[in-house]
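Asks: Throw the hints in and build the complete structure from the sequences for me.
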Amino acid sequence: MKILKSKYYLIIAIVGLTSCSKPNPIEVSPELFHKSVDKVMDIQIHDIFSPPVASRIFAYPNIAAYEILAQKSSKLQTLVGTINELKPIPKVDSTQQVNLELSALIAHMEVSKKLIFSEEKMEVLQDSLYKVWEQVNEDEFNVSKAYAFDVVEHIKQYMDADNYNQTRTMPKFTVDIDDQTRWQPTPPSYMDGIEPHWNKIRPFLLDSAQQFKPEPHPEFSLKEGTLFHKELMEVYDVSKAITKDGDESEEIAIARFWDCNPFVSVTRGHFMFATKKISPGAHWIGIAKIASRKTNANVEETVNTYTKTSLAIADAFISCWDEKYRSNLVRPETLINQTLDPDWLPILQTPPFPEYTSGHSVVSGAASVVLTGLFGDNFYFDDDTEIPYGLPVRSFNSFYDASAEAALSRLYGGIHYRAAIDNGLKQGKDLGHFVANKLSL
Amino acid sequence: MAKKLVFIFLIILGCSKEEKTTAHIEASAPFKVVDANVSGLDFSNQLKPDGNLNIIEYLYYYNGGGVAIGDINNDGLEDIYLTANQQADKLFLNLGDLKFKDITVESGISQDSTWSTGVTMADVNKDGLLDIYVSKVGNYKGLHAKNELYINQGNNTFKDEAENYGLDFSGFSTQASFFDYDNDGDLDMYLMNHSVHSTHSYGNIRIRQTSDALSGDVLYENKQEGEHIKFVDVTNGAGIYNSPLGYGLALSTSDVNNDGYIDIYVGNDFHENDYLYINNGDKTFTESSAEYFNHTSRFTMGVDIADINNDQGLDIFTLDMMPYKADVFLKSGGEDSDKIDQIKASFGFEQQYARNHFHLNQGNHFADVALLTQTHATDWSWSPLILDYNNDGLKDIYITNGIYKRPNDLDYINYLSTVDFAKYKESEADEIEYKLINTMPMLSLPNVLFTNRSELNFEKTPVDANNLATYSNGAAYGDLDNDGDLDIVVNNLNEKATLLENTTTNNNYLTVDLNTENLGINTNGAKVYLYANGKTYLNEQITVRGFMSSSSNKVHFGLGEVSKIDSISVVWNDGTKTVKTNIEKNRILSIKKEITSKFEFVKSTKSNFETFNYSHEENNFLDYEREGLIPEKLSIEGPSVVQADFNGDDLEDLFIGGARDQEPSLYFQDTQGNFNLQSNSYLENDKIYEDVDATAFDIDNDGDLDIYALSGGNDFPEGDPMLEDRVYINDGKGNFIKLNSKLLATNGGSVSSADFNKDGYPDLFIGNRSIPGAYGLTPFSFILKNTGNNNFEIVSKARMGMITDSKWADLENDGQTELVLVGDWMPIRIYTYNLEGNFEDKTKAIGLDKTNGMWNVVHVTDLNNDGKLDILAGNTGLNFKWKASIDKPVKMYLDDFDNNETLDQLIFYDYFGTYVPFASKDKVMQQIPMLKKNFTTYAAFANVQDVLDLVDKKEILETKYIYELRNMVYFNKGNAFEQRALPNEAQFSTIEDFYVDGKEIFYTGNTNSYVSELGRSTSNSGGALKYSENDNFNSVRTLNLPKHFSGRKILKLKDGKFLVIGNNDKSYIVN
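Residue numbers (UniProt numbering), protein chains in the order written: chain E, 1 to 441; chain B, 1 to 1071.
Careful: at least some of the hints might be erroneous.
Stated by the list, open to error - One side of the interface only, derived from the structure: several residues of chain E facing chain B at Cβ under 10 Å: (1) F117; (2) S118; (3) Q166; (4) K172; (5) V175; (6) D178; (7) A274; (8) P342.
To be verified - List of simulated lysine-lysine pairs, PhoX-like, C-alpha gap at most 20 Å: (9) K891/B to K923/B; (10) K35/E to K294/E; (11) K883/B to K460/B; (12) K932/B to K156/E; (13) K921/B to K933/B; (14) K933/B to K39/E; (15) K933/B to K121/E; (16) K126/B to K592/B; (17) K114/E to K933/B; (18) K172/E to K344/B; (19) K1052/B to K999/B; (20) K923/B to K172/E; (21) K933/B to K923/B; (22) K114/E to K156/E; (23) K156/E to K933/B; (24) K121/E to K932/B; (25) K797/B to K842/B; (26) K687/B to K1066/B; (27) K921/B to K172/E; (28) K39/E to K932/B; (29) K932/B to K114/E.
Since the hints were derived computationally from the structure, they do not count as laboratory data. Quantities reported herein were computed from a predicted structural model and do not represent experimental measurements. Quick reminder that beta carbons are idealized off the backbone N, C-alpha and C, glycines included.
Replies: Below is the structure:
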């Protein structure tokens, strides 16, 4: 992070020095896009968006930036006609000196602002950049900004029609406490099931939320010898075994690294508060950033990577949430507390939605396919995404290695049965291949 | 977790603001603060938080200390012991004239700074001298201590003999009470301890059965062997929980069921129930809170037990933490959501609300009347003391409050959540914790005094003109200057203890001393009855009251203007009685235990009802999961009940319509008065409907009664076949056939019939309750003319209100019938049938236009026998969180504020003088997410007082009001109605039905339909009122229906008994 910051100041310094003579074109580096994405991520954490909602917040700003750049790009194909219901953005006026990269960045920040609550946090970034740009080349900045705002308005209308607002006040998920098979709120804060209507959100590439409906989970049974019971016992036994090995065990390290729970409740006496982290989607956006940087991607390539990864992630959440509230399966914590061990605690806090399939598995599966399509298989990287949250760096030989580990982390964490992980990863990868194919990767 | 905090954030936020509240000066109670420099009562419980011990490390760090008042040297002057958490406790000798001397050092009281909590004075060894028991927190985060029993050695010296006596417990003690649990004449001890654990989950209530040596409560029996007194742990097998689930903060021991055996009340913090241990008389107890209370305080912190309303039943007052300042209320954590409520119930926890509870003794159970008396919100409160401070014969309530650091401030909780724990280094732990604590908001408040103005009216009275804002915890009372009134000592945090001198002079009193003449005899628990002026006053000699404290063991009676005391009888624990007559007032009366007679304890009256063979079973539909801002469920209506002769044998039969998935039932009455269930395939086929009302009328004019069954429910959209009404045609013998006809499919509210046009065919009114899914909007209701051949013609289709009940009656005495309607958010509405054949709304003309309530039922009857029909109407009652008047109505704004095609209901009500939004910030933001951008903090939301503060919308679709929440009578005075509220006894809960029997009005009520923020309305166990002269009513009896029972219909049977039919419950026959 520190390195990033100094680079960014360096650019400003150079720009500042040369600004007294004839106006120069404003340069937009890929780092500024990373900066904007990082900012969105920070604000997401502050405003506490649930994982599905966070995935939506990543997608639209990228689409705006992508479509602006695609107009004059030989490499980027417009998404119009590929993603559902998107209409062509307003055309740039070629008589004006619009800097498309600059417009793309401005649009990225502006669309992001519309999606988050703490706008002032985004404005801090915008203000500092705008001030510099005004000094470097006021005319270019103004026309580029004006054009960006036209596109922002267009994208706003597009996103307003995705049914998000309607789903805000749809009925809450009704819990049937008497039905042992069904999901119930879990300790410690017993939150309502989040986003029970997420399958009603318009997908970007899927023809419907159930396009990648996974095979059903093993039939619920608490009888010994049944597959479901075996998987339940596996969660319990694995958790006990690795807890015995202690905090230093590899499994616990993996579970924590991939926790990605944006809202972990902590209770201390009269206090009940939350510790916050990035969501699974955000973690993979972070990996997209690492890959972009590692390959010295230019602005176009960077935006391309962010856009396609975020579209895959967003659709993965829609697909996964569709299954979650179809199968409504009870979490291991509930069953273990009821039938095996009232004091058992999973290593990770159980997130507030039904068990099947594992969201992290689906999302990781989808993102890893798209990233492999973009950067190739056997792409080695050091994943430092979780450093700000006190977790170490983990290194992977490929995106698939990372997604396999992310999926398995849910078993170690004690929050998913094996089927949700295996079938979830398959669901995600199938979806990822479909998306990659549609996006011509 | 707290060990991982970053402090960059903290610096930005800076330190917390301290709010000081001082109310404006008004007529205050006759209390004078006596300065410590003058009195010598120089004590302050100073806290010095450090890295090992602070509010983050110990959740009860700011619970403060206690006070004990008692005469340790038998000189007739009450002495004072004060406990400190991090310094030495102090003992003060009363020198008279409110001068005190610190004798701590010479008395032999320990000078260490162990963490003392509660203190109790009692003559443990029966040597005639008061001993002192001090509870401690030991074995926790560097705290090491054992509880101490200071045995009085005479000459104002004490020696800790806890170990000898077996009372040197070391754990997390809050308070102890000495009382005689087995009536063997010696003092046993209940030690209340508290858990210190943070809870991960509500867990299973099975934990209650486990044992915890540090935090579990302990019952000790005093087993004297010769000279040697040994207290033995008898918890096991005595029915006392000893588990880590108990967060015991409140303790009192009192014979609440008046059977001669002392019971125990333990108030627990957090999710654990409060315990009411009823003494079985055989050295065992039965925890009976679920049997005795409809609900209890959630974060119970203090308790006192006394007969507050002078009916000789001991009432229980418990404290919680509900703020009374609107802005504090809006930014503090409040009631559980309905979902959490449900989850806790499924774990087996009883219903609890985060507000004070005033449990009024009803004989075999208690009815909480805190909302009615408006004593429910005194902020973070610790010590309730029930005492008659102004000697007017009515017991008042003094409450200490204040929390030094307020961890339930929602912005603070949010702030904690933004602290990045990971960046925080282990070595900075203490510093960070310290800063975290510094950031925590503070709020000091003046203590609260409720002056009893009789008949359950209480007035909040400032204690002194300066209205000192303090952080006050333990408190105790006693007549410290022997001037006949009770003075109060309060232990404050980080401030001097307060000595309140009572300067009352104008009333009479009597102080009864049961100790001086009975040295060496245990008198704890004796009941003193004082008879004067035709009234009976009861006081128990108990000392452990309030919080961590024990008050004087003298029994004080305020007597007001009583000129002569007729007699006093003291009922001792062993069931003997001493009676005294010829008593002079205004003095201390010492009574020696001389047996005059044997006392017969009157056991609480057992219920006088039997079960009727019908149970109503509701389907489980949670309206508020669809409509997040509504105040009540509309899907738990019914059953509908019709009493009429269906089979032509001149005996009244019964039709009872069921809830969804329950068929309607038809009962024929036989000559013995039995009701026999009839089989009817049409009814059996119609179980899919939720029956909300029904009426019997002769639709086809063939001389028998047919049935119109009104369907309802908020779970299906209007027009859905699941909401369709039905008509059942009678063949004259009670064989009903379903009429094949398309009827209304709406969420019905009420159906009634009358032949308004006098053509021989009874006509119909069909009133609707709501538009399903759009609470608040007014649905159409219909007046239908019966045109023969089972056909109806619409005479009127209008939006008349959210109808719950209707009656046809000739209010104007002109031979023309009027239609009287009641419902939610609407007035008592009167339509009159005019000569043009139309219905005209006369509500305003008749002066009833400002009667909007949450009406459940209306009856029209001539109550005062003046030949004019009066209106009797059942509402929410006054025991309700909302308050309403014409000046300060409850307001509901209806619109789609965020244009997402969903109706939003924004309700505002008057909260102790300020309008507040009914829905919490979280709820409002969930319903209208765009507002999150405008209200990023709870503090910002705390200033919202009007709909315009919330949304920028000048033209709002519809606004509705409630002006009246009382259960009412409107007397017909010809051209106008004169309103009169029913007495307070009939305001404890909703009234859902009346039966008027001559001059007596029987009523039944209660409902579970309100969301948890309003709470269940369950304090009405049914009752009867009698009309007396001048349009007044007296409460004459309670029906003692089971706690929680929601009576929807009360009928008189031919043997004179009453049948009460409940919602989602059994039905009962009451004598």
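Asks: Against each hint, give a clear statement of whether it holds in the structure.
Replies: Right, here's what the structure says about each hint:
For F117/E, the interface hint holds, since its Cβ comes within 10 Å of a Cβ in chain B; the closest pair sits about 5 Å apart. Restraint check, S118/E versus chain B: the minimum CB separation of about 7 Å is within 10 Å; hint holds. Interface restraint check: Q166/E against chain B, minimum CB-CB distance 5 Å, threshold 10 Å, status holds. Interface restraint check for K172/E: the shortest CB-CB distance to chain B comes to about 4 Å, inside 10 Å, so the restraint holds.
A least Cβ separation of about 7 Å between V175/E and chain B falls short of the 10 Å threshold, and the interface hint therefore holds. At a threshold of 10 Å, the smallest CB-CB gap from D178/E to chain B is about 9 Å, leaving the interface hint in force. For A274/E, the interface hint holds, the least distance from its beta-carbon to any beta-carbon of chain B being 4 Å, beneath 10 Å. Hint status for P342/E relative to chain B: holds, with the closest Cβ pair at about 5 Å, below 10 Å.
Distance hint between K891/B and K923/B is fulfilled; the C-alpha atoms sit about 18 Å from each other, no more than 20 Å. Only pairs whose Cα atoms come within 20 Å are accepted, and K35/E paired with K294/E is accepted, the gap being roughly 16 Å. Note on K883/B and K460/B: the hinted pairing holds, with a Cα-Cα distance of about 16 Å set against a maximum of 20 Å. For the given pair, K932/B sits about 18 Å from K156/E by alpha-carbon distance, which is consistent with the 20 Å threshold.
At most 20 Å may separate the alpha-carbon atoms for a hinted pair to count; K921/B and K933/B meet this at roughly 12 Å. For a cut-off of 20 Å, the pair hint linking K933/B to K39/E stands: about 17 Å separates their Cα positions. Simply put, K933/B and K121/E have alpha-carbon atoms about 12 Å apart, close enough for the 20 Å limit, and the pair holds. At most 20 Å may separate the alpha-carbon atoms for a hinted pair to count; K126/B and K592/B meet this at roughly 16 Å.
Simply put, K114/E and K933/B have alpha-carbon atoms about 10 Å apart, close enough for the 20 Å limit, and the pair holds. At most 20 Å may separate the alpha-carbon atoms for a hinted pair to count; K172/E and K344/B meet this at roughly 19 Å. Between K1052/B and K999/B the alpha-carbon distance is near 14 Å, which keeps this suggested pair within the 20 Å criterion. A hinted pair counts as satisfied when its Cα atoms are at most 20 Å apart, and K923/B with K172/E qualifies at roughly 12 Å.
For the hint pairing K933/B with K923/B, the CA-to-CA distance comes to about 15 Å; that is within 20 Å, so the pair holds. Only pairs whose Cα atoms come within 20 Å are accepted, and K114/E paired with K156/E is accepted, the gap being roughly 8 Å. The suggested pairing of K156/E with K933/B holds, with an alpha-carbon distance near 17 Å, which does not exceed 20 Å. A threshold of 20 Å between alpha carbons decides the hint, and for K121/E with K932/B the separation of about 14 Å falls inside it, so the pair holds.
A hinted pair counts as satisfied when its Cα atoms are at most 20 Å apart, and K797/B with K842/B qualifies at roughly 16 Å. For the hint pairing K687/B with K1066/B, the CA-to-CA distance comes to about 18 Å; that is within 20 Å, so the pair holds. With a C-alpha separation of about 17 Å, the suggested pairing of K921/B with K172/E holds against the 20 Å cut-off. For the given pair, K39/E sits about 19 Å from K932/B by alpha-carbon distance, which is consistent with the 20 Å threshold.
For the proposed pair K932/B and K114/E, the alpha carbon gap of about 12 Å is at most 20 Å, so the pair holds.
Checked against the numbered hints given earlier, this structure breaks none of them.
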